[in-house]
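Undergrad: Single-letter residue listing:
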Amino acid sequence: MTLVRVTEVTHRFGSLTAVERVSLAVEPGEVVGLLGANGAGKTTLIRCILGLLRPTSGEVRLFGRAPSRETRARLGYVPQGLGLYDDLTVTENLAFSARAFGAAPAGRGAAPPGSADTDLDRDVAAVAGEQVGDLPLGLRRRVAFAAALAHRPDLLVLDEPTSGVDPLGRAHLWDTIRAAAEAGAGALVTTHYMSEAEQCDRLVVLAGGRVAAQGTMAAIMGDASTVRVATPRWEDAFVALEEAGLPVALVGRSLRVPGTDRARVAGALRASGVQAELDLVPATFEETFVALAAGAAA
Amino acid sequence: MTAGASDAGHEHAERQPGSGGPGSDAPGSGGPGQAERRPRVRFGVEDLVVAYHGRTAVAGVTLEVAPGEVAGMVGGDGAGKTTVLRALAGAVRPASGTVRRPPARRIGYVSAGPGVYRDLTVDENLAFAGAAYGLRGSALSERAGRLLDRTGLAGARDRLGGQLSGGMRQKLALAMAMLHEPRLLVLDEPTTGVDPVSRAELWRLVAHAAATGAAVVVATSYLDEAERTGSVLVLDQGRPLVAGTPEAVVAGIPGAVLDAPARPDRGTAWRRGARWRVWSPDGSTVPGASPVAPDLEDAVIVAALAARERAARDKEVAA
Chain A
-2 MTLVRVTEVT
8 HRFGSLTAVE
18 RVSLAVEPGE
28 VVGLLGANGA
38 GKTTLIRCIL
48 GLLRPTSGEV
58 RLFGRAPSRE
68 TRARLGYVPQ
78 GLGLYDDLTV
88 TENLAFSARA
98 FGAAPAGRGA
108 APPGSADTDL
118 DRDVAAVAGE
128 QVGDLPLGLR
138 RRVAFAAALA
148 HRPDLLVLDE
158 PTSGVDPLGR
168 AHLWDTIRAA
178 AEAGAGALVT
188 THYMSEAEQC
198 DRLVVLAGGR
208 VAAQGTMAAI
218 MGDASTVRVA
228 TPRWEDAFVA
238 LEEAGLPVAL
248 VGRSLRVPGT
258 DRARVAGALR
268 ASGVQAELDL
278 VPATFEETFV
288 ALAAGAAA
Chain B
112 MTAGASDAGH
122 EHAERQPGSG
132 GPGSDAPGSG
142 GPGQAERRPR
152 VRFGVEDLVV
162 AYHGRTAVAG
172 VTLEVAPGEV
182 AGMVGGDGAG
192 KTTVLRALAG
202 AVRPASGTVR
212 RPPARRIGYV
222 SAGPGVYRDL
232 TVDENLAFAG
242 AAYGLRGSAL
252 SERAGRLLDR
262 TGLAGARDRL
272 GGQLSGGMRQ
282 KLALAMAMLH
292 EPRLLVLDEP
302 TTGVDPVSRA
312 ELWRLVAHAA
322 ATGAAVVVAT
332 SYLDEAERTG
342 SVLVLDQGRP
352 LVAGTPEAVV
362 AGIPGAVLDA
372 PARPDRGTAW
382 RRGARWRVWS
392 PDGSTVPGAS
402 PVAPDLEDAV
412 IVAALAARER
422 AARDKEVAA
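These protein sequences, in sequence, are chains A and B.
Note that my numbering has the first sequence beginning at -2, numbered continuously upward.
Note that my numbering has the second sequence beginning at 112, numbered continuously upward.
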């Protein structure tokens, strides 16, 4: 059964259209990334899915029905602020969130032994008596995951779940998300970080309240290309391209100019008397994303 | 680009007790007698140790940056990035080690967090920052005007700092730090909470500062950002984990990194999307896994895993 089905949802705040005719679905076992710049409509859409906002038009179905108290119990949500009480201990926080969802697990069955869930339980148990506010961010995030997963939800909604965590800690958090997906849950991850987008099975890119692109990362990137500029005088080339109004970026000691053609770059460099070697290389996902977001703003 | 060389005599090189002894001379401190053809001032820290209330926050940290370079420092929350930046900027006194930096008035610093005055307008924020460096009148308005154009904040001059979006606020904080054309720009997670569009603009400002001769050190928790820098230092629990150009860090992975559709029976593995990455320390093959071209993220994870294994072994030996 499709876990989340959003059909042609529009949400207006007065004269402002925050979300416009957005459709998306999350199936069991799937990790879907919801990407967008600030103001793209991510937060409004998530609030519609959580049942906190009623769409102006269109329909949200959670587990096949309208969002309600009952559907809320089958859902695990980790907001960006983690939603933990800093001055309570880990155990107290977990007890508090367990009570909010009722004592009995509402979703999938018990965790299989030796799974990433039990790794999470072990790490969290090791700090059970400590105040959440005293824990490093990576561990605080793991406690928030444990709180959101304790009732075995069918759907996880995660807002920038690994922001600020070191790479190894991030890998641990993704292990937990992936293990939940392998056990049949779905996950909807909102983010604007490319390292998180890369971990998802499928992406929905919002820009200006609309779906600007949807699909696997490779499909969204398509064959977009970027002009790479190699020159011993990168400083002069950078200033010349910037003055020509091109979106130039410095990477190491070479430059990249996405979303333009080689001739424009060559022209701008020639006009400033800068010698350089130009190459057409595949665009990165971030470059593609920025172009999509800029396209919507234009 | 020559700004650094002419007044090298004013550099501050501080050596704290404990770092003395033979062989610990700061690099680039070559005296007049040395045959160095292109004297290039490099800023940075060497063998830095910082302790707060007797507890070591960072130790053994070396980081160098020359004018025109962008150096990245990566680590999670609590890795010690802010401490290193504060020591570099002269805001905290090291327990030992060498710090080389320009005089305070030639440093631009953006701390983590808001970094702008919420109750002042964009213009007032810039004027306030300018006053701190003795900039006023036409010099201030000319530089502020240029930075407002470059940051796209020209249309928001009268808005209060507190009313700006996260991206605009960070651009204003960066503009305030660049107003006096610092020779060393120190940025503590300038893109945290900033979306990719504003992030690209912020990095363009950083690159512009480097292109016009500043030495830049940027702390970030994101490896895709570190991949843009000329050199990167990865910190883990206050200690250097790995350092070098991003390419060198990737090339320096011991053994091999493999890709597998499922968790292999042996070897250290972690998830990468729906698939697994496996580290083979001796480069040997693992059944069901095939070699893959690793990236900076793989390199840092391997370095962290190797460090954990070393620490566990040391503990065993000690016990």
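A hint or two may mislead.
To be verified - One side only, chain B facing chain A, incomplete, derived with CB under 8 angstroms:
(1) 181
(2) 186
(3) 190
(4) 207
(5) 273
(6) 318
(7) 332
(8) 408
(9) 412
(10) 415
Simulated from the structure, these hints should not be mistaken for laboratory data.
No experiment lies behind these values; they were computed from the predicted model shown.
Ideal Cβ placement from N, Cα and C applies to all residues, glycine included.
Undergrad: Now look at each hint and say whether the structure bears it out.
TA: Cross-check of the supplied hints:
no. : hint : verdict
1   : 181  : 7 angstroms, holds
2   : 186  : 6 angstroms, holds
3   : 190  : 6 angstroms, holds
4   : 207  : 26 angstroms, violated
5   : 273  : 16 angstroms, violated
6   : 318  : 4 angstroms, holds
7   : 332  : 5 angstroms, holds
8   : 408  : 6 angstroms, holds
9   : 412  : 5 angstroms, holds
10  : 415  : 4 angstroms, holds
The structure shown violates the earlier hints numbered 4, 5.
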